[in-house]
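Produce the complete structure using the sequences and hints provided.
These protein sequence lines are chains A and B, in that order. This note's numbering puts the first sequence at residues 288 to 537. This note's numbering puts the second sequence at residues 396 to 467.
The hints are simulated quantities; they were obtained by calculation from the structure and are not laboratory data. Values in this document were obtained by computation on a predicted structure and should not be read as measured data. Treat the hints loosely; a few may be bogus.
Said to hold, decoys possible - Using 25 Å as the maximum straight-line C-alpha spacing, the simulated DSS-like pairs for lysine-lysine come out as follows: (1) B:K400 - B:K433; (2) B:K421 - A:K514; (3) A:K477 - B:K433; (4) A:K289 - B:K421; (5) B:K422 - B:K400; (6) A:K477 - B:K400; (7) A:K535 - A:K480; (8) B:K400 - A:K522.
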Amino acid sequence: MKLKNPWPIYFKKDVETHYCPGCGHGIVHRLISEAVEELDVGKRTICVNPAGCAVIAYNYLNVDCIESAHGRGTAVATGLKRARPDLFVISYQGDGDLAAIGTAETIHSANRGECFTAVLINNAVYGMTGGQMAPTTLLSQKTTTTPTGRTSGNDGYPLHITDVVATFKGVAYAERVAVNGPAAVQRAKKALKNAFQAQIDGLGYSIIEVLSPCPVNWKMSPIEAWKWIDDVLSKEFPLGVLADRRPKAV
Amino acid sequence: MSKTKNKVVIRTEYCKGCGLCAAVCKKGVLQTSENLNKQGYYYMEPAEGAECTGCMSCTLVCPDLAIEVYSE
Chain A
288 MKLKNPWPIY FKKDVETHYC PGCGHGIVHR LISEAVEELD VGKRTICVNP AGCAVIAYNY
348 LNVDCIESAH GRGTAVATGL KRARPDLFVI SYQGDGDLAA IGTAETIHSA NRGECFTAVL
408 INNAVYGMTG GQMAPTTLLS QKTTTTPTGR TSGNDGYPLH ITDVVATFKG VAYAERVAVN
468 GPAAVQRAKK ALKNAFQAQI DGLGYSIIEV LSPCPVNWKM SPIEAWKWID DVLSKEFPLG
528 VLADRRPKAV
Chain B
396 MSKTKNKVVI RTEYCKGCGL CAAVCKKGVL QTSENLNKQG YYYMEPAEGA ECTGCMSCTL
456 VCPDLAIEVY SE
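Below you can see the structure in the form of structure tokens.
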């Protein structure tokens, strides 16, 4: 019998990930390793890891990795790409990382049109520290720091960082996807490959926002978390291509 | 002798028993085991007599790369 799903080359073998059951990080790690393999850039890839649950992604991704300070992934990626334009640079960040403490770095690197890809994992909470309110937390969503639900008067509104970034002319490709089902995972992989191809073609900044389940901090089962993304989270953060400034194929 | 041409193998030590694979499987091939793995999770296992069509949906959604699908 033949194995239909061979192990991705750029995913380390024989390691158990530390993520909670049903977490979206494992899926996105796998999609990234498959995408760099299919685009044949794995040997020159550097992944900038965030502070957050994915802080030890270098234990799982079989590509070169560098660790950045909290939120400064896009600043580190800028330096890498400017010093070594031949490298393929991915900045892998969470929503608390990219949209809260790293807002300045994110916005200015995007506005400068730095030629790398940011992957934003949006789970609407600070996952690693125990489910506190993040900028992307929905109104009336309960977290450990908003036990009665987020209110606009006290905490403001959910931050649509990818929509903000998508308005900049330096951004070649921006898309929001989810990983809550087989079809959604396939769309997410296609989006990642589009963004990576934009970087390979030197078109500028590309960002993929992934709505990712966090069943533990949402206090749901993994299957309920999938449903919650469909019913609630993707209503606030609609899926789809937000910016596509790639030259049109003739 | 099984009629099926496809076979699902769970890498039990990597499985965290989240159940997403069973949720997407149209044929009910996967079920939760009564045994624990060394991580302390009730891992998934192929159900007796169920016929896998080799659609690969479970491998797409598995966060832990714990599913291998073989076909003839």
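A quick look at each hint next to the structure:
1. A hinted pair counts as satisfied when its Cα atoms are at most 25 Å apart, and K400 of chain B with K433 of chain B does not qualify at roughly 31 Å.
2. The suggested pairing of K421 of chain B with K514 of chain A holds, with an alpha-carbon distance near 17 Å, which does not exceed 25 Å.
3. With a C-alpha separation of about 35 Å, the suggested pairing of K477 of chain A with K433 of chain B is violated against the 25 Å cut-off.
4. A distance of roughly 22 Å separates the Cα atoms of K289 of chain A and K421 of chain B; the hinted pair therefore holds under the 25 Å criterion.
5. Under the criterion of a C-alpha separation no larger than 25 Å, the hint pairing K422 of chain B with K400 of chain B is consistent with the structure, at around 14 Å.
6. Under the criterion of a C-alpha separation no larger than 25 Å, the hint pairing K477 of chain A with K400 of chain B is inconsistent with the structure, at around 29 Å.
7. For a cut-off of 25 Å, the pair hint linking K535 of chain A to K480 of chain A stands: about 17 Å separates their Cα positions.
8. Between K400 of chain B and K522 of chain A, the direct Cα distance comes to roughly 41 Å. Violation of the 25 Å bound is thereby established for this hinted pair.
When each numbered hint is compared with the structure, violations occur for hints 1, 3, 6 and 8.
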